[in-house]
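If you follow the hints, you should be able to join the two separate chains into one complex; please do so.
If you read the protein sequences in the order shown, they are chains A and B. According to this note's numbering, the first sequence is numbered sequentially starting from 1. According to this note's numbering, the second sequence is numbered sequentially starting from 1001.
Worth flagging that the hints you see were computed from the coordinates, not collected in a lab. This structure is a prediction, so every number in the text was calculated from the model and none was measured. The beta-carbon is built from N, C-alpha and C at its ideal position, and this holds for glycine as well. Treat the hints with caution; some may be incorrect.
[As the list claims (entries may be wrong)] Label-pair distances were calculated between CB atoms; the ranges are:
| # | chain 1 | residue 1 | chain 2 | residue 2 | range |
| --- | --- | --- | --- | --- | --- |
| 1 | B | Leu-1109 | A | Met-101 | 37 to 47 angstroms |
| 2 | A | Pro-3 | B | Val-1155 | 44 to 54 angstroms |
| 3 | B | Val-1092 | A | Leu-100 | 19 to 29 angstroms |
| 4 | B | Leu-1144 | A | Ile-38 | 41 to 51 angstroms |
| 5 | A | Trp-56 | B | Leu-1091 | 34 to 44 angstroms |
| 6 | A | Trp-56 | B | Ile-1058 | 24 to 34 angstroms |
| 7 | B | Asn-1125 | A | Asp-99 | 45 to 55 angstroms |
| 8 | A | Met-101 | B | Phe-1106 | 12 to 22 angstroms |
| 9 | A | Ile-82 | B | Glu-1111 | 36 to 46 angstroms |
[To be verified] According to the in silico footprint, chain B covers these stretches of chain A (three or more CB under 8 angstroms from chain B):
| # | region |
| --- | --- |
| 10 | 15-22 |
| 11 | 39-50 |
| 12 | 54-64 |
| 13 | 68-74 |
| 14 | 79-87 |
| 15 | 93-102 |
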Amino acid sequence: MLPQVPIAAYLILAAVLFSTGVAAFLIKRNLITIFMSIELMLNAVNLTFVAFAHMWHQVSGQIFVFFVMVVAAAEAAVGLAIIIAIFRTRETLNVDQIDLMKS
Amino acid sequence: MQLALFLIFGGLAVAGALNLLLQRHPINSALSLVVVMMSLAVLYWSLGAEFLAASQVIVYSGAIMVFFVFVIMLLNAGEEERTTGSRAAYLVGFPGAAAIFCLLSFVFLSERKALGYTNIGGYLNHVTSNISEISTILFTKLLLPFEVTSILILVAILGAVVLARKEQ
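Only chain B is shown next, with the shape it has when bound in the complex (with noise of 0.2 angstroms):
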């Protein structure tokens, strides 16, 4: 089941990865993100974190990703053109994304004994309910930390009214 899971929807995450790379059009990019953070979504479900995997197609499919789709459909961006610039983007991109891709996987296999394997639904120590454990650490320890976000949010959304108002 959790080998199943983990292929599917980690294929899909992969294939919709790529997919945003090789797309001309940014709305087409803008829909494969949107296929990738549903799959890592089940796979947030199948490692034992259930509010994450609500919160992920809430926050990110449906709030971030719509607003991004907003942002495409108001300014009808088109196709992206062949510049110059892309080509010296060609050398350095694909390079420098295969070394950092070959340096963590290296890391991630050599540590491989130590990591250990996966169970479906995932258990914490000594806890009933998942959401009940991460409310009481975020309304307890971490109340603190809680609360700036909500100033750090207030700040984005005037920030972000300040700088998209036409100016007169």
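With the rest of the complex left out, here is chain A (with noise of 0.2 angstroms):
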């Protein structure tokens, strides 16, 4: 009998994947990084699909999986466009100083 991984194991490391994205979101300051974390999130929420999909023997975790995949995508387009302008206005990537919103 091969040694077998609970599903509980699966979540949990998307679980680990999942607060280290949310981590990286709140403390780096480089908006490109930042971005990268929220990609990281994505991921994890990917994994917990994927696991139940295995759990439950359907497909359609799986069908969500590449309808994130689209939307990240998509997402990933528009926001380094979104970046590239601020960087050429604002001359920086440091969030700290990208504040024009404030009042």
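Listed below in structure tokens is the structure:
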């Protein structure tokens, strides 16, 4: 009998990745790195979808991961274009200096 | 086999995520994120999602991360500097992330018995192939959402071109 892994272990791995993404989102000061931590959080959620799809022997979770990937690709394109536009006008990527909307 | 794959690539994913958090230069963070995505592709494969493993490598590691590295090179981004804002973020960030982790792992561990165990490769109910099942559902029941994603991608491309265009 092969040693099996509990599904809870996969879910806790996803929780570790998600909370690392949250910490990086709050702590990092660079706009591009903050954007990368959002991608890390999306990936952690995808892992839970695949683990639950495996648990229920259904394919719906995997289809949802496909849609998350499409939205992440669209978001990366638009977000990086916004970063380029901000860098053109403000000449910085530090979020402490990008406070135009703060009164 | 499943346990070895989980330990090796799960550990690699956590190490890559922590490296993303600790590195100062964005290009190092981007490369460690590639490590995370590649090891997640192996974990998807071990859970029986072969199509997603392939598209994870192609879409995330291939397309999105190349895009990130390209923008970092284009903007010539340097190391991030420590400011007063980062000290406040340390005070809020680590306890907040730890609270989220504790909550999630408490829920998962208390439902540990009901969740069950994994088998390598996985198997779907009354289905021969993973990819044929995904495509059957995607092109029959979920055809409208699938077509809407193509419009979403088109709008995102147009928006990116308009935003990144040089002002005359």
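How the hints compare with the structure:
no., hint, verdict
1, B:Leu-1109 - A:Met-101: 37 to 47 angstroms, "holds, 41 angstroms"
2, A:Pro-3 - B:Val-1155: 44 to 54 angstroms, "holds, 48 angstroms"
3, B:Val-1092 - A:Leu-100: 19 to 29 angstroms, "holds, 22 angstroms"
4, B:Leu-1144 - A:Ile-38: 41 to 51 angstroms, "violated, 27 angstroms"
5, A:Trp-56 - B:Leu-1091: 34 to 44 angstroms, "holds, 41 angstroms"
6, A:Trp-56 - B:Ile-1058: 24 to 34 angstroms, "holds, 26 angstroms"
7, B:Asn-1125 - A:Asp-99: 45 to 55 angstroms, "holds, 53 angstroms"
8, A:Met-101 - B:Phe-1106: 12 to 22 angstroms, "violated, 37 angstroms"
9, A:Ile-82 - B:Glu-1111: 36 to 46 angstroms, "holds, 40 angstroms"
10, 15-22, "holds (count 8)"
11, 39-50, "holds (count 6)"
12, 54-64, "holds (count 8)"
13, 68-74, "holds (count 6)"
14, 79-87, "holds (count 7)"
15, 93-102, "holds (count 4)"
In this structure, the hints that do not hold are numbers 4 and 8, in rising order.
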